[in-house]
Amino acid sequence: MNGADLLCETLLANDIEMCFANPGTSEMHFVAALDRQPRMRCVLGLFEGVVTGAADGYARMADKPAATLLHLGPGLANGLANLHNARRAGSPIVNVVGDHATCHLVHDAPLTCDIDSLAWPMSHWVGRAETADTVGERAQDAIRAARGTPGQIATMVLHADAAWSQTSRGLPAPLPPATPAGRATFGS
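Residue numbers for the sequence shown follow the numbering used here, so the first one is 297 and each next one is one higher.
What the hints contain is simulated information worked out from the structure, not anything from laboratory work.
Don't take each hint at face value.
[What the hints assert, rightly or not] The calculated lysine to aspartate or glutamate pairs, modelled on DMTMM-like cross-linking and capped at a C-alpha distance of 25 Å, are: (1) K360 with E313; (2) K360 with D437; (3) K360 with D331; (4) K360 with D410; (5) K360 with D311.
[What the hints assert, rightly or not] Computed Cβ-Cβ distance ranges for the label pairs, DEER-style: (6) V402 with R335: 20 to 28 Å; (7) D311 with H380: 22 to 30 Å; (8) V402 with R337: 30 to 38 Å; (9) T475 with A328: 15 to 23 Å; (10) D331 with P470: 31 to 39 Å.
Just so you know, even glycine gets a beta-carbon here, dropped at the ideal spot from N, CA and C.
The whole structure should be built from the sequences, with the hints applied where relevant.
Laid out in structure tokens, this is it:
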């Protein structure tokens, strides 16, 4: 199993079955993993603000985390306004932000940036999966953070080589079931 498949399986094992995505080439292995898994619903958006807004709306309606897939730091930056709204509303979201392969970072490609610094103002937790063997653990850290009370924003940076590489680790045991946030509904 590669890191991308492990990420998808870890999300599903923890009842995250909706991913709103605006991917680029760095994220294609995760997109392929999403496509291979019939239990995961992936909704493509043409702009990251739509993706993060849809994840916020889904989390509010379903009362459980949604996932996003964003392309590098600029993609995350384009989605920050609705992540701000989600943070203020207590919506649980697991952001997966692709990054270049670790060996490519030394070349300072045009879209290379400090993703962690961009993520922190709107995230309660930020972590990186730099190898395929760290993907499952980082995904669970992100899910645990997103399930915080009230719902929280967790941003996991997924390097392309962590997604495409094979992992020697199996699927981590699912986290205990989350307690719904129990938001008041209209008229209550």
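Legend entry - Supplied distance hint 31 to 39 Å, evaluated on CB atoms of D331 and P470: violated (23 Å)
Inset, instruction - Please work out if K360 and E313 have their alpha carbons no farther apart than 25 Å. - result: Satisfied, since the Cα-Cα distance of roughly 10 Å is no more than 25 Å.
Legend entry - Satisfaction of hint between D410 and K360, Cα-Cα up to 25 Å: violated (29 Å)
Legend entry - Given hint D311 paired with K360 - CA-CA distance at most 25 Å: Within the cut-off at roughly 8 Å; holds.
Legend entry - Given pair status - D437, K360, alpha carbons within 25 Å: holds (16 Å)
Legend entry - C-beta pair D311, H380: status relative to the range 22 to 30 Å that was hinted: Holds, at about 25 Å.
Legend entry - Range agreement (Cβ of R335 with Cβ of V402, hint 20 to 28 Å): Check failed, 38 Å falls outside 20 to 28 Å.
Inset, instruction - With a cut-off of 25 Å on the C-alpha distance, tell me whether K360 and D331 pass. - result: Holds, at roughly 22 Å.
Legend entry - Pairwise beta carbon distance, V402 to R337, judged against the given window 30 to 38 Å: Holds - the Cβ-Cβ distance for V402 and R337, about 37 Å, lies within 30 to 38 Å.
Legend entry - Beta-carbon spacing of T475 to A328 - inside the hinted bounds 15 to 23 Å or not: Given a distance of about 33 Å, which is not inside 15 to 23 Å, the answer is violated.
In terms of the numbered hints stated before, the structure departs from hints 4, 6, 9 and 10, listed from lowest to highest.
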